[in-house]
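Just so you know, the sequences run in chain order A and B. With the first letter of the first sequence counted as 1, position 190 gets the number 190 in my numbering; the numbers rise by one all the way through. Count along the second sequence from 1, then add 288; that gives the number in my numbering.
Hints listed in this document are in silico derivations from the structure and should not be mistaken for laboratory results. Just so we're clear, the structure is a prediction, and the values are computed from it rather than from any experiment. A hint or two may mislead.
[Stated by the list, open to error] Now the stretches of chain B that chain A is said to cover, found in silico as 3 or more residues with beta-carbon under 8 Å: (1) 360-369; (2) 426-438; (3) 471-485.
No residue lacks a Cβ here, since even glycine has one placed at the ideal position from N, Cα and C.
Number of protein chains: 2
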Amino acid sequence: MSEIFERVTIVGVGLIGGSLGLAVRRGTLARTVVGVGHRQVSIDRALEMGVIDEGTLDAAEGVKDADLVVLATAIGLITAIGEQIAPALKSGCIVTDVGSTKSQIVRRMTSVLPAGVHFVGAHPIAGSEKRGIDAAETDLFRDTTCVLTPTDATPPDAVDRVRKLWEAVGARVSMLDPEEHDTILARTSHLPHAMAAMLIATLTDVDGRFVGTGIRDTTRVASGDVNIWCDILLSNREAFLQAVDGFSGRLDALRRAVDTADRSALAEILARAKTRRDGLWPDGSAVE
Amino acid sequence: MSEIFERVTIVGVGLIGGSLGLAVRRGTLARTVVGVGHRQVSIDRALEMGVIDEGTLDAAEGVKDADLVVLATAIGLITAIGEQIAPALKSGCIVTDVGSTKSQIVRRMTSVLPAGVHFVGAHPIAGSEKRGIDAAETDLFRDTTCVLTPTDATPPDAVDRVRKLWEAVGARVSMLDPEEHDTILARTSHLPHAMAAMLIATLTDVDGRFVGTGIRDTTRVASGDVNIWCDILLSNREAFLQAVDGFSGRLDALRRAVDTADRSALAEILARAKTRRDGLWPDGSAVE
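Sequences are here, hints too, so could you generate the full structure?
The structure is reproduced here in structure tokens:
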């Protein structure tokens, strides 16, 4: 594997940033990996774990001379840090991110970065029930999908180098425009999160004594960080509301089938869902 | 462990019935375990696996002389088989089941069983992504909850013996009246199933390329058997519709918070759900 970048700076060395650092260093995909953190203890830990070659608390200092900057902070901080580091970036630098929504970030970043610096929005669809640098692992991105969201204004060469990086750490790379990304992820990620939270909200206190593995798995994502999820849903309002309305329409149809005891309509609704789910996860069938 | 019953007949030796047979035989909770199946190959396999001592395809023959009969078939068959075996049951026999809804079954069984035979409704909240006798395991019920649903007419002694059996195979036993059971399970099991199916239904074809572990787990139960789930939802219509309406009201509030960009309202909704979920499953936190 040859170097794709000379100097990569990762701002935010938590689960995602830390795992990326490990994978980049293992693959020798950059000559130097610099980490920017907001606490010295995280930087020390990242150095100790071999996540980064150098670390600093000073973002402007950390991104100087970088030819790739990865904004891997919580989604709500990405554009603010982008603005902050913009003056320190060298010409030709590529900036990318790992945010779960893309339209707002791409629009804002494109407007704040200086001429000669290009933004390539990215969203690695990977996660873990754990958080923070200690949960970082080299193979976090292996066999996952990473979406890149270039616009007409993004130089193809910049997109290509970011794509090569994600492919080199094991991800399948897909291209979507930012709005398309947000529309799709509203259905595949943001809606499931909201549904999980509302399922939990529907439970009474006594219900908790009568839960099985079904509702446990169905609601797992409702344990996600509240602030991050506020940022995600509020930065993708329109697409999220459309997804909710699509869902509600389907729920009405199911409700009607049960209400009228229309077994064939109900069976058709459930069978269509089962067929589709079994197609997406052939090994993950379930009864309960 | 001493014998609780002389002769236990399990009608339906699949995952649940087979696991119960294994656990009863391991604990020597009955002198003889008889299995009733509808295919000889299942009976042969159950004998070979040590699930039962004797097996037959003839339900009336199988339940003769039993002092406990466990109806462990698919939920839609329970009352029909109950009617079929009723004339063959000896006086003093206790009949129980493992159905996921209880009001209809308890009502029907109470009316079809002869005098001197008592029905104790049961619902072991245990399952697996697998089905059938080959998936049976001795410890399936360990640390799970089994709900018994006696009515005012059920003799306490019959309830007590069924309770002892479930406790002896490792389950925590809770008592609910049948309607209360169905109301609670509508929220903890039937609603999550419907939500999982509707989340899958909301996806477009292209969305399947952008799915992570969140939606995978959120929708796992949508792979459940369509006929069984039609039986469950249609045998619990009223409570299910109430659960759906409770859910829809909460979803409306979340929708409104996002629509009006009311971050504090949204954060409160998500935080309440997270707190409750973390309380129910302290080890199962999640971000994505």
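*State whether the coverage of the stretch 360-369 of chain B by chain A holds or is violated, taking the criterion as 3 or more residues with Cβ-Cβ distances under 8 Å.*
Since three or more residues must qualify, the claim that chain A covers the stretch 360-369 of chain B is violated, with 0 doing so at under 8 Å.
*Between the stretch 471-485 of chain B and chain A, see if three or more residues pass the 8 Å beta-carbon test, and mark the coverage as holds or violated.*
With 12 residues in contact (Cβ-Cβ under 8 Å with chain A), the coverage given for the stretch 471-485 of chain B holds.
*asked:* Three residues or more, CB to CB closer than 8 Å: is that satisfied between the stretch 426-438 of chain B and chain A?
replied: holds (count 3)
When the structure is compared with the earlier hints, a violation turns up for hint 1 alone.
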